[in-house]
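These protein sequence lines map, in sequence, to chains A and B. Using this note's numbering, read the first sequence as starting at 1 and increasing by one per residue. Using this note's numbering, read the second sequence as starting at 185 and increasing by one per residue.
In short, the hints are calculated from the structure, not lab data. Any given hint could turn out to be false.
To be verified - For each label pair, taking beta carbons as the anchor points, the in silico distance ranges come out as:
{"#": "1", "chain 1": "B", "residue 1": "Glu337", "chain 2": "A", "residue 2": "Ser175", "range": "46 to 52 angstroms"}
{"#": "2", "chain 1": "B", "residue 1": "Tyr371", "chain 2": "A", "residue 2": "Gly22", "range": "21 to 27 angstroms"}
{"#": "3", "chain 1": "B", "residue 1": "Ala309", "chain 2": "A", "residue 2": "Phe174", "range": "43 to 49 angstroms"}
{"#": "4", "chain 1": "B", "residue 1": "Ala363", "chain 2": "A", "residue 2": "Phe111", "range": "53 to 59 angstroms"}
As the list claims (entries may be wrong) - Facing chain A, from chain B, some residues (calculated, C-beta under 7 angstroms):
{"#": "5", "residue": "Pro192"}
{"#": "6", "residue": "Gly194"}
{"#": "7", "residue": "Gly244"}
{"#": "8", "residue": "Gly251"}
{"#": "9", "residue": "Thr275"}
{"#": "10", "residue": "Gly276"}
{"#": "11", "residue": "Leu381"}
Positions of the beta carbon are idealized from the N, C-alpha and C atoms, including for glycine.
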Amino acid sequence: MTDQAQADAWRDAIFDAFQDAGIAQVAYVPDAGHKRLIERTHAANGMRAMSVATEEDAVACLAGAWLGGQKGALLMQSSGVGNTINMLSLAKTCQFPLPMFITMRGEWGEFNSWQMQMGETTQAHLELSGVKCYRCETPEDVAETVRVAIDQAYNGNCQTAVLLAQKLVGTKKFSDGGLGDNKK
Amino acid sequence: MSTIETKPDGLIDRRTFVDHLVANRGDDLCIVAGLGSPCYDLKAAGDHPLNFYLYGAMGGAVPMAMGLAAAQPEKRVMALTGDGEVLMGLTGLAAAGAEGLENLIVVVLDNERYGETGQQTTHTARGVNLAQTAIGLGYRAVRDIKTPDEAAELHDWIKTVQGPACAVVKISAEAAGMALPPQDGVYLKHRFRERLLGVQPR
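Bound-form chain B, shown alone (with noise of 0.2 angstroms):
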């Protein structure tokens, strides 16, 4: 398990977050990566057939991670995404907080940009705070983080807190460079049912 490191902005290096995040993960936990910057995250952290990974589809991270627990209610089940995505799918986040789901985990990785499209700023750079919108969408547990150390008690915190839960993760801007997961949807999906459920592809 790699330490969390800061960049020189002094916020959250995003990659040893994730990383660290992840760590010894097991197949009890199920991850949504929603498109750019968070699939490549998860990706350097390390391939794993319980990930799948968003190319596109933006703000389908969040009620596809919710789909997922609500079938798979004895596994923990994560959306990993981005504030660029959150805010692209907010009623998506807002019908998760309201479905209840004991098992459903949103991370969210918030460096205040669109990272794929040149950087631009998005609303969580003007004020707007995700962590208070989570309280207010009905998150049972929502944790607003700031520091490698606050960082750091997420590894635990995702095994055992009760969801819906949402962590919102204040991230340097700095770039982390690609790390290309599997582009084949129908692989992703293929090999996360094998994996999950021990069906074979028909």
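Same shape as in the complex, but just chain A (with noise of 0.2 angstroms):
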């Protein structure tokens, strides 16, 4: 497989997943770690692609489409975690399922030090508003992590992220010349 058709395989394999657990609403604020999973969740039938401005207001979506009726899943970057803490209160405190999918910056060759902050901290941040972690560090972990993550939220009434280390999702490059090949 070459490196395109293997970073395409893991991606489509989240889509999938939402496919097969009836996920309806996808809300994000845009990472280009997650371009191709926005692309495909934008072109699906029976998917509705929520976008947001921030992340917060994506938990507060998807917990009124639970109360519609419709399961959701969340795609955000790691800086955007900062942004849900008090949001999380309203999930955590009504039992509403979330399930978050979050590629991570400021880690492995991290260039942009003004990522390292919310990066270094993501995980304890989301522990510490009561959410389960797990962490994806290779393409072949993706898949059964992303269907645990989903049913344990759906199950369990709780929230759930998937941490997608930035070994895995690639480098965003940057050079004086202007952005790289990762461009946002």
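Starting from two chains that each stand alone, build the complex the way the hints lay out.
Below, the structure written as structure tokens:
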């Protein structure tokens, strides 16, 4: 398998897990690492991609979705986790199921020092907020971890997060000549 | 259905307005109320299983109503909120405008104050106009309400308007007192889903 095919395959595995679980609303703030998944979600029948401008709105949106009988999933980057903290009280207090899929920045090979603070503390912030976290470091980890996170959230009325490691997602490339291949 | 009253300052009384707004509502209307006085107003108008009251999560009422409206296109879904919450969650107001849901209505009770924290003024007391904001955010129908007669029209408007719709109602800053709805979020969730979907909690 080529590198590109492998990179597409684990993203497609997330999409397949969404479909199999009956996820109807996918709320997201864009990330380069989720680009393919977001595009597939927009194109899918029976799945609504909900674009929000800040991650806390996605948490509230998916609580509303569940109130209305639809399952949801949240896509964001690790820097967005900081924006969710107070709104996670809605999910926690009311036991709204909430599976989150988070592409990591600020770790493996990070060029941008401003990403370090939130990336290094993402998991701790989530765990302090009562979210159960699972990390994926390799493409082989993804499919099963995503399914577990969705099932646990919906069977247990709880909040789960899959942290997709920067080593897996790929490192954003910077150069003086402009953004690299992995530009946002 | 009560008559919408005004307070000594000449502005709309929030309690009689909300009571008029949701009178004889039936099960076609789902309401997410933002924390603080919108929850008390809605509770005072009569508790209902299809009311979801936020005791926290400030900024969440509109995006939560958006997710609910997307899941339930056959129902009318209303976010009943205040100027303070909308200003904290302007991104949610924008997302719901952009999403274009025909069954979503946002009603903003604008008293130009943070009522829960000591009546400090909000930006709407200093020139920020939320009705104009809603127009700019893509709401298809926007009402800028200042009088009891205009406010009385909203009772029918919320049942027929093509959304996303937003009504900003200037109300008196005079506090109406607390009318506390149930605070247990799990209970509120279960009773809402049971009434709407017929599902029992597992």
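Checklist line | Enumerated hints in conflict with the structure, sorted upward | finding: 1, 5 and 6
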